[in-house]
Amino acid sequence: MYEIVGKKNLGEGINLYNISAPDVALKALPGQFIILRVNKNGERVPITIANSDKNDKTVTILVQTLGKTTHLLSELNVGDSLADVVGPLGVPTEIEKFGTVVCVGGGFGIAAIYPIAKAMKSAGNNVISIIGARSKGLLLMEDEMRSASNEVLVATNDGSYGSKGIVTDVLRELIYDKKIQIERVIAIGPVIMMKAVSDLTREKSIKTTVSLNPIMIDGTGMCGACRVLVDKKTKFACVDGPDFDGHLVDFDNLMNRLKFYKEEEKASYECHIKEHHKL
Amino acid sequence: MDKNANTSRQNSLETKERLKIKKHEMRCQPPEERRHNFKEVPYGYSPEEAVEEAKRCIRCKKPYCIEGCPVNIDIPAFVKLIEEGDFLGAAKKIKENNSLPAICGRVCPQEDQCEKVCTIGKRKDTLSVAIGNLERFVADYESKYGDIHIETNKGKGKKIAVVGGGPAGLTVAGDLCKMGYSVSIFEALHEIGGVLMYGIPEFRLPKEILLRELKVLEDMGVEIFTNEVIGKTITVDELFNERGYSAVFIGTGAGTPKFLNIPGEELNGVYSANEFLTRVNLMRAYNKSEYDTPIKCGKTLVVFGAGNTAMDAVRTGLRLGYDDAIIFYRRSRKEMTARLEEVHHAEEEGVKFEFLINPIRFIGDENHNVTAVECERMELGEPDESGRRRPIPIKGSEFITPIDAAVIAIGTNVNPIVPSSTPGMSLNKWGYIIADENTGKTTKKGVFAGGDIVTGAATVILAMGAGKKAAVAIDKYLETGIW
Ligand SMILES: Cc1cc2nc3c(=O)[nH]c(=O)nc-3n(C[C@H](O)[C@H](O)[C@H](O)COP(=O)(O)OP(=O)(O)OC[C@H]3O[C@@H](n4cnc5c(N)ncnc54)[C@H](O)[C@@H]3O)c2cc1C
Ligand SMILES: Cc1cc2nc3c(=O)[nH]c(=O)nc-3n(C[C@H](O)[C@H](O)[C@H](O)COP(=O)(O)OP(=O)(O)OC[C@H]3O[C@@H](n4cnc5c(N)ncnc54)[C@H](O)[C@@H]3O)c2cc1C
Ligand code: SF4
Ligand code: FES
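Those sequence lines, one after another, are chains A and B.
Everything in the first sequence is counted per numbering that gives the first Met the number 0, starting at 0 for the first residue and increasing by one.
Everything in the second sequence is counted per numbering that gives the first Met the number 0, starting at 0 for the first residue and increasing by one.
Just chain A, same shape as in the assembly:
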């Protein structure tokens, strides 16, 4: 049903897939996500839409192999199909002409930030993107990000490319040393990164949007598994988000909730790997 029509390994356990999903492709806007199931006994797993092609009727996703489901997905190839793809879910990112917009992406967050940067640029913003990786070879989507932004700044942990350090270091430099007037920051990546970015921009009251990734099931507001605390109020990330004001998000709560099924996920993954090696 939902055929994989393209797949590319981007290194470090990250794969890019083009998936045929006509209804989703026609509708997807930056900031939205899909929920997929690899097979009929599988989990429902949320993944951000990195790109959509209305002509080919496909969506592009980048997935980091973490546990059983993403591992199962990594074993699929062009021509295989997914059991289910539903979307586009969530509220699209607010795209407007703000002025200077800084897009911060880490890890698979770069995939999520790419369509936003692109849309922000077409809306007439001056888009500065900051993307990071551990080292040069692991940097994702650099070319795409360059075409989607007015300027791209790179940070690598080992200093093999761009500046040495992490994305927040680069952002701090922009704000404090280069004193660039920034109207909006969008940050997507590991929770810890989004938290650090939000802490940094809070000092200068630069409005910051983050995209939250709690555990989800239905993605339609029916179960409440995805609830997050924003301004001390309960919000459902799948329908009220996934974008929220980073200055109001309780990131520690999110990190804790993400850990809840660690044991079960680990057991399920190990069991899967064992069976996998038997074959």
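Treat the hints with care, since some could be wrong.
In silico BS3-like pairs for lysine-lysine, Cα to Cα no more than 27 Å straight-line [said to hold, decoys possible]:
hint	chain 1	residue 1	chain 2	residue 2
1	A	K53	B	K158
2	A	K234	B	K428
3	A	K177	A	K120
4	B	K21	B	K121
5	A	K39	B	K206
6	B	K257	A	K234
7	A	K96	A	K178
8	B	K298	A	K258
9	A	K53	A	K96
10	A	K258	B	K295
11	A	K261	B	K295
12	A	K39	B	K121
13	B	K21	A	K265
14	A	K258	A	K231
15	B	K257	A	K231
16	A	K258	A	K234
17	B	K475	B	K91
18	B	K428	A	K231
19	A	K6	A	K53
Covered stretches of chain A, as calculated for chain B (at least 3 residues, CB under 8 Å) [claimed, not checked]:
hint	stretch
20	20–26
21	38–44
22	86–97
23	104–115
24	256–268
Cβ-Cβ distance ranges computed for the label pairs, FRET-style [said to hold, decoys possible]:
hint	chain 1	residue 1	chain 2	residue 2	range
25	A	G123	B	P205	50 to 60 Å
26	A	K96	B	P205	51 to 61 Å
27	B	P205	A	N76	29 to 39 Å
Calculated directly from the structure, the hints in this document are not laboratory data.
For each residue, glycine too, the CB sits at the ideal point set by N, CA and C.
Fit chain B with the ligands to the given chain A structure using the hints.
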């Protein structure tokens, strides 16, 4: 099949003799056994038991039971057919008004409907006819021995979109398909059935029964599109303008869980009933070896609430392996809204009930997992707007109970995805869709609605009833063009 019936003799049974027959309770899996498995609790009647139970109906001149039934099934008529041994005839009779009797026989709150007003139930020393059990019996009998193929009329040439595959949507779809329309169901999840699929557990409504009904619909030619969130994937307006549907029925349910809004509710191990039940039912988390969605287990599970959802959650907890599964309810036993049978079954299985208790905060450990709940005791004051006595906290009655998980089953709010993406359709102050009670017509031309999205959380039979009425109204609208 007719070997149990001796029509002439039974027809001549005197009322006096009928009243002497004891009610036949359904045989069930023993509680100690069933609290460890997900298999259905009652075994159902044997044909002999059904005939004997049917004999208890005194065929009232004024059958109150029919009025008590939200879809006015001709109860004495189908019960008489059972007595005569014509079980397939009885099934047909029920299906004149209710297309999903195997489901309703299992989940309807009969004690508030037909069985509540049954004449013999109102007498001092006799109990109501077990109408629900009989309905369930004939539906199961028909599925085994009958021909459940349904004739559909020739094409009327118009397409109708049904949004949401719960009981309301399934009923509209079936009825319109029979009339000859081409009908498509659009369902957000990967399986249709609504609450029947994701909410009500296997031990109360085996999935097999639901799948059987869904297959009947598919065989009739109803098209089913899963993974389509109307309002996101396609909007209602696009269903008309781009997909060529002539009418749209919205049956998206009430489905957004309410929380208590007390401190600690965000801790791990605090679930909405919908999450807890969806993991187990829709995602089959109880079958760990075959399915991937996880669920936790521990010593003590507390469920807040006392409706069907709360009973389903607490009994699911027992079956998952919690040693103690407890209901905490802020009102008293009398105000519980769950079906009586479920409460009985839960008690037999060892569920504990604590009344007049209100949670005030959850307490967690350094890993952010819930470890206890602090509650206060309540007393009943004056009646509130629901007519039930309002619970009031007793000062200084706070106490702490250690728990491993908590499920919140205190009701639902409207899910805004369809209402907020459909301009021109009026909503009431809670956000539910305003629709005419007799036709399901909304304020938007061509759009009908019914079930929980109109009434707020209600019952399966009311959702089906709304679907039935809407099907008639949709046909009329498409035939005449008059809105
Ligand atoms: C809105 C949103 C967008 C996302 N976008 C992407 C993306 O573009 N690319 C990408 O690689 N990942 C993305 N994720 C994360 C992705 O869903 C998880 O990595 C995936 O579910 C892991 O599944 P698993 O079985 O392989 O690993 P598991 O071993 O099951 O889990 C690994 C970790 O992933 C998280 N996780 C597990 N199950 C879920 C679930 N059902 N929903 C959300 N998180 C879960 C938990 O923190 C868990 O500890 C996104 C998550 C959300 C909520
Ligand atoms: C746990 C539980 C136990 C219950 N037990 C009983 C019982 O014993 N007896 C009884 O009579 N009643 C019971 N009820 C209530 C009963 O199930 C509901 O009143 C009934 O299911 C309502 O039917 P519906 O068709 O209106 O909606 P639902 O059954 O809620 O179905 C709505 C469907 O629409 C889908 N949907 C939602 N939004 C969209 C969208 N945007 N696009 C596409 N599809 C969408 C949903 O995924 C769902 O499948 C129970 C409810 C629960 C939660
Ligand atoms: S009210 Fe009771 S006894 Fe009378 S017809 Fe109905 S089921 Fe039979
Ligand atoms: S994932 Fe179920 S409500 Fe958000």
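* To do: Could you tell me which of the hints above the structure violates, numbers in ascending order?
  => 12, 13 and 23
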